[in-house]
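Student: Starting from the structure of chain W, add chain V where the hints point.
Those sequence lines, one after another, are chains W and V. Residues 1 to 114 in this note's numbering are what the first sequence lists, from first letter to last. Residues 1001 to 1115 in this note's numbering are what the second sequence lists, from first letter to last.
No wet-lab data here; the hints were simulated from the structure. The beta-carbon is built from N, C-alpha and C at its ideal position, and this holds for glycine as well. One thing to keep in mind: the hints can contain errors.
[Said to hold, decoys possible] If the Cβ cut is set under 7 Å, some of the chain V residues that face chain W in the computed set are:
1. Met-1045
2. Tyr-1050
3. Ala-1081
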Amino acid sequence: DSGVTQTPKHLITATGQRVTLRCSPRSGDLSVYWYQQSLDQGLQFLIQYYNGEERAKGNILERFSAQQFPDLHSELNLSSLELGDSALYFCASSQGGQGNQPQHFGDGTRLSIL
Amino acid sequence: AQKITQTQPGMFVQEKEAVTLDCTYDTSDQSYGLFWYKQPSSGEMIFLIYQGSYDEQNATEGRYSLNFQKARKSANLVISASQLGDSAMYFCAMRENNAGNMLTFGGGTRLMVKP
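Bound conformation, chain W alone (with noise of 0.2 Å):
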């Protein structure tokens, strides 16, 4: 168990549909990341949070978008959901934001568009 929880673990939608990921991350991590890893494209990086603020962003889409809140979970929000949105978005969190500091990873949430 990496302390990390995501929530919910498997969601089923259509396209055109908006979706919220749920992350809390382990206790005393300050930073979350957010990974999408599918089929075609592998694992990618999408953003970072380092303690409420955006730190660093990846091959994020404009149809989504993230924050962190005061008690450090984050939300993974995407919206207008296509079919090549199915995949495994993961959350991560480290204690800071640099350094040797490895990412502890969720379970993930399987998003699966119809």
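Tutor: Chain V only, in chain W's frame:
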């Protein structure tokens, strides 16, 4: 160019034998870190081992060790005494100091341990 290359899509190893999973990387940063993660069929990502670019000793964590050859830009994972539970996907990842703290992942190697 690929930043992280894992050239072995799939590998078999006999139970109790050692196995090496290859990883080469490409960066112009002097300061970077290399990570290995395990993803079992259940889907979760499990951190295994870390090597910093300035670390002089190869990292070890239990049955896992990292064969770090900086000049060759390789960071191979060695698993000793393979167990059936080691069957999984293994990902090599890199953090570059100039790119913040994001991880860039390779395509992964599927390891299958034979009884």
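Student: In ascending order, which of the hints set out earlier in this document are inconsistent with the structure?
Tutor: Number 3 only.
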